[in-house]
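J.: So the protein lines, in turn, are chains W and R. Residue numbers for the first sequence follow the numbering used here, so the first one is 5 and each next one is one higher. Residue numbers for the second sequence follow the numbering used here, so the first one is 5 and each next one is one higher.
Hint data in this document are derived by calculation from the structure and do not stem from the laboratory. Some hints here could point you the wrong way.
Since copy identity is lost for identical chains, a pair holds within one copy or between any two.
[Stated by the list, open to error] The list that follows gives simulated cross-link-like pairs (lysine-lysine, DSS-like), each with its CA atoms no further than 30 Å apart:
| no. | residue 1 | residue 2 |
| --- | --- | --- |
| 1 | K235 | K106 |
| 2 | K276 | K37 |
| 3 | K303 | K37 |
| 4 | K37 | K159 |
| 5 | K303 | K44 |
| 6 | K276 | K249 |
| 7 | K106 | K272 |
| 8 | K272 | K366 |
The lines below spell out each chain.
Protein chains: 2
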Amino acid sequence: MVSLIGYYTTQFGELWEKSLSDLIEEAINGVLKNTRLDKKQIGAIFFSNMLAGVLENNLHTVSKIAEILGVNIPIFRVEAACASGGVAFHLAKNYLDANPGKNVLVIGAEKMTDYSPEETTSALASAASGEEQEAGLTFPGLYAMMAQYYLGKYKYTEENLAYVSLKNHYHGTLNDKAHFRKQITIEQVMSSPYIAYPLKVLDSCTVSDGASALVLSSDRNVGRKEKSEIKVLASETANDKISLKERNSIDEILATEISADKAFTKAKVNRKDIKVAEVHDCFSIAELLAMEDLGFWKKGKGGKRIKELSTMYGSDGDLIVNTSGGLKASGHPVGATGIKQIGEIFLQLTGQATNRQVNGAKFGLAHNVGGSGGTAVVTILGV
Amino acid sequence: MVSLIGYYTTQFGELWEKSLSDLIEEAINGVLKNTRLDKKQIGAIFFSNMLAGVLENNLHTVSKIAEILGVNIPIFRVEAACASGGVAFHLAKNYLDANPGKNVLVIGAEKMTDYSPEETTSALASAASGEEQEAGLTFPGLYAMMAQYYLGKYKYTEENLAYVSLKNHYHGTLNDKAHFRKQITIEQVMSSPYIAYPLKVLDSCTVSDGASALVLSSDRNVGRKEKSEIKVLASETANDKISLKERNSIDEILATEISADKAFTKAKVNRKDIKVAEVHDCFSIAELLAMEDLGFWKKGKGGKRIKELSTMYGSDGDLIVNTSGGLKASGHPVGATGIKQIGEIFLQLTGQATNRQVNGAKFGLAHNVGGSGGTAVVTILGV
């Protein structure tokens with residue numbers, strides 16, 4: 005059994021004074037300190053990053069990490085667009101399954117705010133198909149089509165979507181590492197400018213800088229020393245067609261459905277056992293699709309369910325979602341996001357989530373998506 | 005035990021009529037045909053590519069592969085500069101170790117010749133440190149410093165280096181998939197223009213387009229059906245500092261030494277058992293360093309040994325090196341290179357190497373390097 009024995013995240017935000025290397029170094033040193041491990045006890049590192057090649061001509065970052073840390077161990081870089089973090093975690097767990105008795109560090113980092121909005125938007129569009137890029141589609145445009153279709157099919161309005169942002173911004177106020185820590189109202193969401201109809205500024209996550217790191221372990225000597233240890237019950241991933249127009253349906257993400265079914269089967273856990281979840285809310289519509297595709301809500305019911313706010317911290321709901329603030333308020337430094345999601349569940353299940361602690365949670369889930377759904381990863385953790 | 009059960013490579017060269025997707029599709033279909041496997045029998049795919057993000061804003065290629073192939077299985081993209089292929093193979097083997105009974109496809113592809121030399125050279129420099137890039141160093145420059153140091157330290161001349169190119173170009177004439185199929189002379193190498201003193205045009209590999217694919221298997225049902233099956237005895241990787249100036253020595257590649265030692269120990273094979281090897285000859289100097297760092301030749305003896313041409317096909321040497329033509333003559337479509345190297349050893353050990361067949365080889369080795377030595381992978385295969 006592979007355990008998660010520590011987590012560290014940098015602040016997420018506009019960190020203009022910090023380079024990608026600075027963020028990586030802070031996150032690695034932070035998680036080593038939190039786990040009381042020496043770097044010599046780390047057997048391998050998995051590194052998640054999407055954009056450093058495109059934005060700063062910075063590839064072969066694995067070797068830079070070897071230099072920062074002064075180690076010669078295997079270091080692997082994984083890229084799967086916005087799901088890079090979840091996929092890196094998946095491969096790290098897999099690495100431990102094949103090489104038991106080791107500690108493996110997983111780190112995700114992204115540096116996005118030093119560039120113009122045009123540069124960042126274009127770089128992010130690299131996760132769409134070439135045809136979509138040539139048609140001028142950006143990710144707000146792709147998710148706007150999914151939103152428009154969903155709202156029309158199930159007779160909802162833009163206001164239904166706004167509740168996702170309301171909830172996640174409230175959670176952001178409770179997380180001192182979040183990019184945005186300001187409560188917003190439904191009226192503010194509704195009156196914010198359109199990015200791509202029907203999605204508005206406040207339906208959309210931001211670009212952020214940040215790095216997050218975890219240590220996975222099947223080293224029994226280390227595990228026993230740790231008080232904060234939770235089990236990785238499942239980490240499952242699936243891929244799907246990159247182009248929205250090639251999919252059978254655009255109001256569901258098949259890769260999420262497949263990953264979730266595999267993960268729940270593998271973990272031998274029921275949907276109702278999950279008390280905390282981090283789901284991929286790059287846009288408000290994405291959280292509704294995620295809740296349905298993960299099997300928490302029935303298809304088409306998301307617009308109604310979100311208005312009940314039963315997934316908001318402090319409600320009497322059975323499942324609290326995106327206590328970190330989600331991508332919306334916590335920020336979305338792409339390579340770090342999937343790691344931070346799992347880290348947030350780690351904090352919740354080990355009782356370290358401070359003023360946003362969900363009490364009594366024994367199982368949690370993290371859900372990370374790449375592109376408009378071409379990659380999905382579902383991770384289930386348990387005490 | 006993980007077996008290698010099939011290989012396919014596209015032509016390497018200036019393939020202006022083919023896109024990255026075209027090359028991927030050809031290589032995947034080719035290896036499925038060679039292994040007589042249906043795509044439904046593939047459990048996962050590992051994809052190696054370095055530059056599509058930088059050169060054509062093309063990331064999240066895993067999802068594109070899902071679309072090309074019409075599958076929803078896990079697909080992983082790995083990047084480790086010019087060692088991307090070797091690292092993808094390493095993680096694929098690791099995946100099978102953790103998930104026995106499956107078939108895993110490994111594919112590497114790169115599209116490099118549609119861009120200006122300045123664009124490609126700059127993109128390749130992304131594998132060097134930021135400081136090296138800012139200093140104006142390109143990879144010819146970095147390897148030139150290593151060459152200059154080596155030649156001075158061991159009292160060799162540029163002519164010693166030229167024998168690497170002579171040999172590998174001869175091998176290229178025997179490989180119908182090679183980019184260059186023209187024999188060259190020592191005089192031609194010596195009179196070719198300098199790229200970065202003391203390295204000349206004919207000391208240097210080219211940029212190429214191409215894709216190569218392998219299938220790894222621990223599915224016993226499939227394995228038994230296959231006639232061409234060889235064992236993956238070891239696949240080991242190590243990393244080192246990215247900046248040349250941070251290394252203890254620049255006439256050896258520590259990551260290669262560590263990987264080789266680990267691989268020979270794991271495979272329980274001696275250096276003298278290896279009869280065919282593909283080593284990373286991005287520049288002529290690199291093959292000499294590789295032969296020494298892998299432990300085939302004593303440190304500093306490479307310049308002398310290469311002139312004996314005992315590693316050339318048709319000689320009576322005990323170890324024939326780079327029968328594919330190496331990066332020098334076979335070409336270097338970066339993401340494909342590490343896969344092609346292993347594929348060449350597969351052809352040799354299964355008796356499919358046609359007019360360059362080394363007879364009686366029971367063990368072979370492939371050696372893939374990223375950057376100026378920040379990553380190395382050593383793979384040992386056996387019948």
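J.: Please go over all the hints and tell whether each is borne out by the structure.
T.: Consistency of the hints with the structure:
In this assembly of identical chains, K235 and K106 lie within 30 Å of each other by CA distance both inside one copy and across copies; the values are 15 Å within and 25 Å between. Taking the shortest Cα distances, K276 and K37 never come within 30 Å of each other, neither inside one copy (35 Å) nor across copies (45 Å). Taking CA atoms no more than 30 Å apart as the test, K303 paired with K37 passes in neither setting, with 43 Å inside one copy and 40 Å between copies. When the C-alpha separation of K37 and K159 is checked against a cutoff of 30 Å, the pair qualifies neither within a copy, at 51 Å, nor between copies, at 49 Å.
In the homo-oligomer, the alpha carbons of K303 and K44 lie at most 30 Å apart only across protomers (29 Å), although the nearest pairing inside one protomer, at 48 Å, exceeds that limit. Within a single copy, K276 and K249 get their C-alpha atoms no closer than 33 Å, and across copies no closer than 56 Å, so neither meets the 30 Å cut-off. When the C-alpha separation of K106 and K272 is checked against a cutoff of 30 Å, the pair qualifies both within a copy, at 25 Å, and between copies, at 22 Å. Taking CA atoms no more than 30 Å apart as the test, K272 paired with K366 passes inside one copy only; the shortest distance there is 13 Å, against 46 Å between copies.
Consistency with the previously given hints fails for numbers 2, 3, 4 and 6, ordered from lowest to highest.
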